[in-house]
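Asks: Just so we're aligned, residue 9 is where the sequence shown starts under the working numbering, counting upward by one.
Wrong hints could be hidden among the right ones.
Said to hold, decoys possible - For lysine-lysine, the following DSS-like pairs were computed, each having C-alpha atoms within a straight-line distance of at most 30 Å:
#1 Lys180 to Lys149
#2 Lys180 to Lys191
#3 Lys180 to Lys194
These are calculated hints, taken from the structure and not from any lab test.
Just so we're clear, the structure is a prediction, and the values are computed from it rather than from any experiment.
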Amino acid sequence: MLRLMSARILLNEAPRRLDPHGDPWPLCLSELREPPEQLFAAGELPPLAHAVAIVGTRHASEDARQFTRQLARELAGAGAVIVSGGAAGIDAEAHRGALEAGGKTVAILAMGLRDAYPAQHAPLFSEIARSGVLLCESAGKPAGAGGYFFLRRNRLIAALARVVVVVQAPYKAGALSTAREAKILKRRVFAVPAAPWDVRGTGCLELLRTGTEICSSAGDILSVAGLGPRGSAVQARRPGRNHNEIKGLAAEVRSVWREVQLGAVHPDQLSAMLDMPAAEVQEALLTLLLRGLCRQRADGTYVASGG
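Whole structure, please, built from the sequences with the hints as guidance.
Replies: Here it is as structure tokens:
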């Protein structure tokens, strides 16, 4: 019989119990319809005035993972506290990006603070406990159906953040419950555009269809999170300023990029000008969006970031 490696989270001290009448306690949790009666914490809770939640699917594409990590790295570098749920995929990349920037991150866990879930995140959670904080409504693994506790966790993510960003999420993803709760709480919600044929992003497309704001780079979030003028803190570090990254794009994407640099252009115009199928144009634009090289305007046209 194979013996499984331990998934124990390594903590410097036992989790502390927090309650609404003690200190520290996030006052924003009182805005919830069902605020928690207690929390358990491992690590130090940072100030949450500039907290940004980044959430999405566990089955993220490689582009979405890279985008998430860069987004979290830039936001944390500008002073944001990154909040997420510790899950595989988008959540984990958000936490890692914040740690790489030397910033603070809050991981809100659903299944206790002793054994990591998922098991492979034990080292990640241990690192977060040392430089940020792990939070959960239960110190140990709660009894009962897991799905219930993940939904309960999502409401805490929404409440603790000033802004919620959904990077990649299918139509029935748990991340959408975080977005719904955030809207109830009057938080600003952003979604990253997705290719219409990628089922992993159908939830984001639905959010955008119902009026959710577009996130194509950290610059879209900074001023909303109270971190200065839009784009000012990260403009110089955007991937669009990296010529090596532009050189590494596929030929079709570079062709679209050249046209976008010349001024606002609609996808239909690009398709006609470049004699390129509409699906290929949309895929190229999505690549540029995810790399922070362009942004979509309210009229449906695309311009280079900063333009």
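Asks: Could you run down the list of hints and mark each one as holding or not?
Replies: Right, here's what the structure says about each hint:
1. Distance restraint check for Lys180 and Lys149: the Cα-Cα separation of roughly 25 Å lies within the 30 Å cut-off, and the hinted pair is therefore satisfied.
2. Restraint check for Lys180 and Lys191: the C-alpha separation of about 17 Å stays at or below 30 Å, so the hint holds.
3. Between the alpha carbons of Lys180 and Lys194 the distance comes to roughly 22 Å, so the proposed pair stays at or under 30 Å and holds.
The structure shown violates none of the earlier numbered hints.
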